[in-house]
Amino acid sequence: MYNTMFNTYIFIIPVISSLPQPLVAVPAYMCVELVTWLLPLGLGCAAGTMLWMVFAELMPDGAFPCHVGAYIAARVVLIDSDYME
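Numbering-wise (the working numbering), the sequence shown opens with residue 8 and increments by one.
Careful, some of the hints might be misleading.
[To be verified] Distance windows between CB atoms, simulated:
(1) Ile19 to Ala81: 51 to 59 angstroms
(2) Phe18 to Ile79: 34 to 42 angstroms
(3) Val61 to Val39: 28 to 36 angstroms
(4) Met37 to Tyr16: 50 to 58 angstroms
No wet-lab data here; the hints were simulated from the structure. Beta carbons: idealized from backbone N, C-alpha and C, even for Gly.
The whole structure should be built from the sequences, with the hints applied where relevant.
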């Protein structure tokens with residue numbers, strides 16, 4: 008009824024494709040341990056970028072008054088959430 012060769016391939020192909028993972032795990036771990044000291048620098052750059060975007064893009068856009076229709080639509084969409092209290 009079923010093609011047994013196809014069922015065999017369904018089992019064998021994923022097993023073969025996952026064989027390199029244990030071989031690469033140790034060098035990957037060593038590389039991560041080598042550059043762990045860069046993590047605070049990267050997180051600081053990401054936080055600075057987010058702050059820049061808030062003050063350069065979002066706050067100037069939020070300074071303009073919105074239309075009443077946009078406010079009502081936001082209230083209807085977020086009626087049950089804690090965002091619009």
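Okay, the hints, checked on the actual structure:
1. Ile19 to Ala81: 51 to 59 angstroms: Since the Cβ atoms of Ile19 and Ala81 sit about 54 angstroms apart, the hinted range of 51 to 59 angstroms holds.
2. Phe18 to Ile79: 34 to 42 angstroms: violated, 57 angstroms
3. Val61 to Val39: 28 to 36 angstroms: Distance hint for Val61, Val39 holds at roughly 30 angstroms.
4. Met37 to Tyr16: 50 to 58 angstroms: violated, 35 angstroms
The structure fails to meet hints 2 and 4 from the earlier list, while all remaining hints are met.
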